[in-house]
Structure formats: C-alpha cells, structure tokens
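If you're matching them up, the sequences are chains U and S in order. For the first sequence, counting from 1, position 125 maps to 130 in this note's numbering; every step adds exactly one. For the second sequence, counting from 1, position 272 maps to 273 in this note's numbering; every step adds exactly one.
FYI, nobody ran anything at the bench for these hints, they're computed from the structure. Computed from a prediction, not measured in an experiment: that's the story for all the values here. Do not rely on the hints blindly, as some may be mistaken.
Not the full set, but computed from the structure, chain S residues with beta-carbon under 10 Å of chain U [to be verified]: (1) ASN76; (2) ILE100; (3) GLN106; (4) LEU107; (5) TYR151; (6) GLY201; (7) ILE203; (8) PHE209; (9) GLY251; (10) ILE264; (11) ILE268; (12) ARG271.
Quick reminder that beta carbons are idealized off the backbone N, C-alpha and C, glycines included.
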Amino acid sequence: MSSIVKEQTRPKANKRPKWQKMGAGGYIVLALVTFLSLFPFYWMFIVASNGTDEISKIPPTLLPGPRFFTVVSHVYEALPQFNQALINTVYVGTIVAVAQVFFSAIAGFAFAKLNFRGQKFMVLFVILTMMLPSQLGIIPLYMLMSNLGFINSLNALIIPALVTAFGVFWMRQVIDAQVPNELLESASIDGAGVFRVYWSLVLPIIAQSSFVLGLFSFLATWNDFLWPLLVLQSPENFTAQVAVNQLKSSYAIDYALNMGGAFLSTAPLIVLFIFVGRRLVRGVMDGAVKG
Amino acid sequence: MFLIFGLAPIIYSVYIAFFNWDALGTQEFIGIQNFIDLVADDRFWNALYNTIDIWLLSTIPMLILSIGLAAILHNPHLRGSTFWRTILLVPNITSVLAIAIVFGQLFGRDFGMVNLVIGALGFDHIDFIQGTTSSHIAIASMIVWRWTGYNALIFLAAMLAIPGELYESASLDGANKWKQFRYVTLPSLRNTITFVLIVGTIGGLQVFAEPLILGGSYNGGDSGQFSTLTLFLFDQAFVAYKWGYAAAVGIMITVIVAIVSFINFVITRRLAGDGK
Numbered sequence: 006m007s008s009i010v011k012e013q014t015r016p017k018a019n020k021r022p023k024w025q026k027m028g029a030g031g032y033i034v035l036a037l038v039t040f041l042s043l044f045p046f047y048w049m050f051i052v053a054s055n056g057t058d059e060i061s062k063i064p065p066t067l068l069p070g071p072r073f074f075t076v077v078s079h080v081y082e083a084l085p086q087f088n089q090a091l092i093n094t095v096y097v098g099t100i101v102a103v104a105q106v107f108f109s110a111i112a113g114f115a116f117a118k119l120n121f122r123g124q125k126f127m128v129l130f131v132i133l134t135m136m137l138p139s140q141l142g143i144i145p146l147y148m149l150m151s152n153l154g155f156i157n158s159l160n161a162l163i164i165p166a167l168v169t170a171f172g173v174f175w176m177r178q179v180i181d182a183q184v185p186n187e188l189l190e191s192a193s194i195d196g197a198g199v200f201r202v203y204w205s206l207v208l209p210i211i212a213q214s215s216f217v218l219g220l221f222s223f224l225a226t227w228n229d230f231l232w233p234l235l236v237l238q239s240p241e242n243f244t245a246q247v248a249v250n251q252l253k254s255s256y257a258i259d260y261a262l263n264m265g266g267a268f269l270s271t272a273p274l275i276v277l278f279i280f281v282g283r284r285l286v287r288g289v290m291d292g293a294v295k296g
Numbered sequence: 002m003f004l005i006f007g008l009a010p011i012i013y014s015v016y017i018a019f020f021n022w023d024a025l026g027t028q029e030f031i032g033i034q035n036f037i038d039l040v041a042d043d044r045f046w047n048a049l050y051n052t053i054d055i056w057l058l059s060t061i062p063m064l065i066l067s068i069g070l071a072a073i074l075h076n077p078h079l080r081g082s083t084f085w086r087t088i089l090l091v092p093n094i095t096s097v098l099a100i101a102i103v104f105g106q107l108f109g110r111d112f113g114m115v116n117l118v119i120g121a122l123g124f125d126h127i128d129f130i131q132g133t134t135s136s137h138i139a140i141a142s143m144i145v146w147r148w149t150g151y152n153a154l155i156f157l158a159a160m161l162a163i164p165g166e167l168y169e170s171a172s173l174d175g176a177n178k179w180k181q182f183r184y185v186t187l188p189s190l191r192n193t194i195t196f197v198l199i200v201g202t203i204g205g206l207q208v209f210a211e212p213l214i215l216g217g218s219y220n221g222g223d224s225g226q227f228s229t230l231t232l233f234l235f236d237q238a239f240v241a242y243k244w245g246y247a248a249a250v251g252i253m254i255t256v257i258v259a260i261v262s263f264i265n266f267v268i269t270r271r272l273a274g275d276g277k
C-alpha cells in the first residue's frame, strides 16, 4: 500500500460514519458503571456518619448523617495508635516505591539493553517466577524473617518487597520500548560508561514510567493485608490495614466503627488518586499486552 | 536480593513439603506422606471446589463485562473518555479490606442493601454468608468489582492498537457493528484475552483476602463453605503450625494453577482463533 492511499483514508476515518455511532446506551452503561464504582466509597461514608442503627432501618438512609466525627473519635478510642499506623504505612510504602523503581530500572536496563551471558535464560526465569503463586514461598519467608529477627518489625515488610519480578519485567518492557538503541550507541562512542549512560540517559527518559511503577508499588504496599497481619504483632508497628482489621476482632459487628476505619484508611488513597489517576490509567494501558 | 527473598523461599518450600515439620521444631523426613494425607483430606477437596467455583463465578462475568466496556470506550465519538477511563481504575486502588467490609454489610442477611432489593422484588432474603453458592457469589462480586475496570483498560489499549484499516475494509465488505466486533476485534484480542485469563487464574486460584475478611478467620465460614485453597494453606501454616503439610498445599496450588492456565491457553486459542 502506498502512502497516498493512506492519506486518502485518514479524513474518512475521522468521520467514521458507518462503524459505531455513540448512542445513549453507551453513556447509560458508563454512568451505571461509574455509580457502581463509586457507591461503595459513598456507602462507607454514609454508614460511618449515621451509625449502625440508622442503616438498620427499612428503608435505610442514603444521606450523610451527623455522627461522622463521633464515629471517628470511636475509631481513635479503639485504635489509639491509628495515626502511627498511617505514618508506618506511608513510611514503608515510600521506601518500597523508591527502592523498587531504582532496582527494577537497573535490572530492567540490564535485561533490555546489555548483552551478557545467560540473559535470555534469566529473563525467562523472571517471568516464570511471576507465574508462581506467592503463597508457595510464604512459610519459608516467614521462617527467614523470624531467623533474621524481623518479626514484628517493619523491616519484614520492606526487605522482601525491595525488588519484585513484576517490577523488573515491567521496567524491561518500558526501557525496551522507550530508549532507542542509537542513542545508547552514540553515548558509548562518546566514552560514557554503563552507569553514566543509565543515570544520565536512561533514567530521564523513563522518568514518567518510573513514577507510575512507584505509585503502583506504593498502592500495593498500602493495601497489602495478609503479610503485615502475619508478621506484625504490636500496635505501634501496625500498618493502616492491620489496624482497621483490629476493629473487626475487638467488637462483634459494629458496622459504623468498621466503615469509619475503612473510610479513614481509604480516604488518603482517594485524595492521591485524584491527583495521579490519569497517569495511572496511562501506565496500565502502556503496560498492556497488545494484539 | 531477589534471589534470596523471591526464589529461595520457593525452593525451600518444596523441600519442607516432604517433612513432618512444625513450628515447635519437629523435623522428620516423611517422603510423600503429606501429599497422601492431602489427597485423603476432605477439607482440601472442599477448598478446591470452593476456589474453582469462585474463580468461575468471577472470571467469566469479568471477562465479558470488561471487553464490553472496552468496546464502548473504544468508540471514537465518546465524549469525556479520560474521565471514564479514570473512573474505571478507582475500584482497583482500594484495599480489599475496606471493600470486604463494605460488601459484607451490603450482603448482610437482615439489613444488607442487596437483600433489601431482593425483598422489594418479592423474594425471601438470602443468607449470603451462610450459603455455599451464595457466599461464593458475594466473594466473586467483590473480585468482579475490583478487576473489571482494570481489565477493560487493558482490552481498550489492545483495541486501540488494532489498525483502523481492518475496520474500514470490513465495513466496505458490508459488515455491521456486531460482525466487525466478532470478526475483527475479538480475533485481534486473542493474546490479550489469554494474558488476562492467565493473570486472572493465578490471582483467582489464590483468592484469600476476601473470604478471610468476610469470615473473620482462616476457616472460611462456619462450615468451611467459602474456605479456599490459600485459606486452607494459611490455616495449616499459622493456626495449626503444620508447616510441612501447608507447604504441600502450596505445591498443589501451583500445580493446579499451571494446569488451569494451560487449559485456558488452549481454549482461548480455539475460541478466538476460529474467527479468522
């Protein structure tokens, strides 16, 4: 096909009269999806601000009530260390995010652009580990942490998460796609060493993607639940998720209290998401397997 | 680093699966006895059934919904596409804990919203948490809620990569909307569907956080009605402290994931391939 044919079809493609006009049906579906996506957050707030009695009526109330700050103070009564838990979570999440980006980018760079012995084998190996269920290693990991004396320490959350197969693989894809080989070649002809190339050429190019990987690591750490529950024992070391889970065990079913805790532990993420949501969307779509 | 904390535990896990090993210090080589016990263990089969049921109930609707949503978002005439895309990702960033608390309430027997709707339609209330299939539906709905939007974005990215010429020649041949979707879009998505299915299988067969929070303990409901394989593993490892036995469960999970992923792979090839 010549380029002339392509140019002729372009303007027609923009109008695209035949295939798919956007009907009202599509918007209704999207509006419904939006409602369903946001409703649980709204409901969290409704229950937390009304109290369990109010929502145990028929029909239940659907509007925010006046008791939100009462419920919040109950949450803090039940969990005196809740602020500490939030700080712990941010602390662990930030370290993990920065470390993941740094190490994954180095390993990804090596896998994507350097030639060394056993490279293909090691890439395959990384992908293979990604396929393995993480639960398989959890008992030995627990034993290892216990031998290192990291049980009930935030180190137990940080150390195993510094590098993950997913991060390395992701960075490899990104560097492979975004960093042109010619640029690296001309840099090495100019006499730049490998680390210099990595630092002053590769890192700036992949800054955007690194940010997204860092965000995902941060979110994953924030939301991780089971591993912190297993290794953390005393309240001053809890992460937000483990702390909120305590609300469940100490009271039978106080929905207002539980949802209050859930709301407080989720609200920071929602605020973060308002600022970075669009970048995350791009990150997810860039990382997708196409075709 | 990665070798020590990622890989070594897995190899070690295979090693201890052949031992009668508990947290108190007993370490006795017993060969494949753990696996023999496992095959005879009703709790294992119950957990396997629950896991596969939840996986089916979540994966199939999720796949259909996310491809459908992606097709809507793929429309070039759509207004506010960035907004819709961003909304789709919201469920995915929430913690499973928070969502399980909300869904646990929504599916509650007496005052849960879901049952109020069911009651309003003239049916009896369903005790979702106590029933087997109904508790699976509650758990599956959390998974669907969490992952549909994310996967829709993955499918959308794949759809945007399909060359527009394919649609033009199809419409010149007189193919309507549905036929274009069936014969152009779906076959082009084959690899993406395989990818989403395999990732979904790995995640779905390891489901534990939702049932753990819903039931509040590792037994997965009063009669184990929503105990899953991974919950069973944790129950054995961190409640009963039978580490060797739990490691054997872990290996079985891995084997099952591999088998199901392979079956998925073959089926998607077949299904999406015949459109060509």
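Self-check item: Interface hint outcome for ILE100/S [beta carbon to chain U under 10 Å]
Solution: Hint on ILE100/S: holds, closest Cβ of chain U at ~6 Å, below 10 Å.
Exercise. Double-check ILE203/S for me: the hint is only fine if its C-beta lies closer than 10 Å to a C-beta in chain U.
Key: Constraint on ILE203/S satisfied, holds at 6 Å.
Quiz item: Taking 10 Å as the limit, does the beta-carbon of PHE209/S come near enough to a beta-carbon in chain U?
Solution: holds, 7 Å
Exercise. Could you check if ILE268/S really has its C-beta closer than 10 Å to a C-beta on chain U?
Key: violated, 18 Å
Practice problem: Tell me if TYR151/S is really an interface residue toward chain U, meaning its C-beta lies closer than 10 Å to one of theirs. | Solution: Since the shortest Cβ distance to chain U is 7 Å, the answer is holds.
Practice problem: Double-check ARG271/S for me: the hint is only fine if its C-beta lies closer than 10 Å to a C-beta in chain U. | Solution: Hint violated; ARG271/S Cβ to chain U Cβ min 18 Å, cut 10 Å.
Quiz prompt | Residue hint ASN76/S, partner chain U, criterion CB-CB below 10 Å | solution = Holds - the Cβ of ASN76/S comes within 10 Å of chain U, reaching about 5 Å at its closest.
Quiz item: Under the criterion of a CB-CB separation shorter than 10 Å, is GLY251/S in contact with chain U as hinted?
Solution: Because about 4 Å separates GLY251/S from the closest Cβ in chain U, which is inside the 10 Å limit, the hint holds.
Quiz item: Against chain U, with CB atoms and a cut of 10 Å, does the hint on LEU107/S hold up?
Solution: holds, 7 Å
Practice problem: Have a go at the GLN106/S hint: is there a Cβ in chain U nearer than 10 Å to its own Cβ? | Solution: holds, 5 Å
Practice problem: Return the status of the interface hint for GLY201/S: holds when the least beta-carbon distance to chain U is below 10 Å, violated otherwise. | Solution: violated, 13 Å
Practice problem: Identify whether the interface hint at ILE264/S stands, where standing means a beta carbon of chain U within less than 10 Å of its own. | Solution: violated, 15 Å
The structure shown violates the earlier hints numbered 6, 10, 11 and 12.
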